[in-house]
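Visitor: First to last, the protein sequences are chains F and A.
The numbering of the first sequence is the numbering used here, which starts it at 1 and goes up by one.
The numbering of the second sequence is the numbering used here, which starts it at 379 and goes up by one.
Listed next, the in silico SDA-like pairs over lysine to any residue satisfying Cα-Cα at most 25 Å (straight line):
1. F/Lys-64 - A/Met-439
2. F/Lys-64 - A/Arg-426
3. F/Lys-64 - F/Asn-330
4. F/Lys-64 - A/Gly-425
5. F/Lys-64 - A/Arg-441
6. F/Lys-64 - A/Ser-438
7. F/Lys-64 - A/Ala-444
8. F/Lys-64 - A/Phe-428
9. F/Lys-64 - A/Glu-437
10. F/Lys-64 - F/Met-351
11. F/Lys-64 - A/Pro-433
12. F/Lys-64 - A/Asp-440
13. F/Lys-64 - A/Pro-436
14. F/Lys-64 - A/Asp-429
15. F/Lys-64 - A/Ser-427
16. F/Lys-64 - A/Arg-432
17. F/Lys-64 - A/Ser-430
For the record, the hints were derived by calculation from the structure and aren't laboratory data.
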Amino acid sequence: MVIGRTFAGVLLTALLCGPAQGGTPLPPQPPGVPWPTASWPEGRADVTDAAAFQRAQEQLFEPKGRGGLPDTRALLVVQGGRLVFERYAEGFGPESRFRSWSMAKSVTQALVGILVREGRLALDDPAPVPAWRADGDPRGALTLRHLLTMTSGLDNADGGDGPDSFVARLLFGDLSADTAGNAEQVALVYAPGTHWAYSTGTSQIVAAIVARQVGGGREGFRAFVERELATPVGASSLLVEFDAGGTPLGGGYTFATARDWARLGLLYLRDGRWDAARILPEGWVDFSRSVTVLPSNAVYGAHFWVNGEPALDQFRPLRAGLDAFEMSGNAGQFVVIVPDRDLVVVRLGEMQRFTWPELSDALSDLIDAFPQRAEPTP
Amino acid sequence: MRRRIALGAALLLLGVGGFYYARMRGMAAIGAGYVAKEVCSCVFVGGRSFDSCRPDVPESMDRVQAELLPDGVHAFVTGLASRVARFEPGFGCTLR
Chain F
1 MVIGRTFAGV LLTALLCGPA QGGTPLPPQP PGVPWPTASW PEGRADVTDA AAFQRAQEQL
61 FEPKGRGGLP DTRALLVVQG GRLVFERYAE GFGPESRFRS WSMAKSVTQA LVGILVREGR
121 LALDDPAPVP AWRADGDPRG ALTLRHLLTM TSGLDNADGG DGPDSFVARL LFGDLSADTA
181 GNAEQVALVY APGTHWAYST GTSQIVAAIV ARQVGGGREG FRAFVERELA TPVGASSLLV
241 EFDAGGTPLG GGYTFATARD WARLGLLYLR DGRWDAARIL PEGWVDFSRS VTVLPSNAVY
301 GAHFWVNGEP ALDQFRPLRA GLDAFEMSGN AGQFVVIVPD RDLVVVRLGE MQRFTWPELS
361 DALSDLIDAF PQRAEPTP
Chain A
379 MRRRIALGAA LLLLGVGGFY YARMRGMAAI GAGYVAKEVC SCVFVGGRSF DSCRPDVPES
439 MDRVQAELLP DGVHAFVTGL ASRVARFEPG FGCTLR
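Taking the hints into account, I'd like the entire structure generated from these sequences.
Guide: Structure follows, in structure tokens:
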């Protein structure tokens, strides 16, 4: 019965909603601009409104929290593949490693992409979670696509900022020793693919799938991340943390320097290609920024946010209408990928004085100060 | 009758007290976990000083005390909760 409903739900979703595909074409690396594998090529910012850019970047470093530091600790702009702006709060610099909060989810998604490219995982196969494999378990129908688009229907949504919330218990409380196991052991409360709910637990399930597929425990996972992602793009500072049971904290705790966060952004801006290599499979970046349109979702792709008018009660990352998709995390972490302006914008830090709308507006203004690319003639 | 009322009131008080105690314990446990993990990662992975990291923790967790260990951070609310996050090179900080 439940299985039947599940299949009907999936079918209905596929027929009625379907993901909104694609978007602005992703710009290739301009000829003559070296890839930033070893070091970032630098350049001058080409802005349409220099005053607006200046105002926005100063605004981002304005509000100071109780430690006397500005909320924004790092702000980088990559335009046309070149680092054109880089500013840090006092005491921080290019060597400083910053925590991701939920931007870790996008890194986990990249690791899934790599395994899909290698043919070791498939988006639409039943997700390889041993706990769901019993006969008749309705969760057996869940796929990586459901998990990555936050439409699993599992009863493990983050549930707010309070100490009783699922995410607080998962990362810091009684569920923290086995994040993936605890996130898996919940009921299915919606048919897969029919309801969107943001869930760090779901990202922990995905991180555990990646770790199992790679094998070798924490060491094996770390070696895989280095070999397949960090080293090829030159993001040598990238570090994923783990829970006490050895599951990577791919839902919330990944560290990297601001320059390395920009490298990860550039990988997505360049459609998953890096120099001569393809790191993410063809179509993966379009999948990342495709919104599974539902009454409960208008701005979430696949472990990436997309801009638009959010659904009721849904979080709004950046101003609607900006042609961008982004990694985004608690306290205003951002790696924004802007195809129509050939930009990557990185903002890292805290949010003690800023409110989300203020920060979102300042960052949107900053992006708006850059020109849109001339459309290539067909 | 009066004894019954007194007994009822005492039970009620105990119940309410117990509820708040359990709630405070729960909040203290999350707070200790949060502070231990955040400050440990900030110091050992982020490369910052303990004194610079501490004010980044939200004010709502000011009652959680923290001490720097040689390889991690111990955070606690006396009598209610205690957690340790340990640092290992290459793996960052793990909440124990």
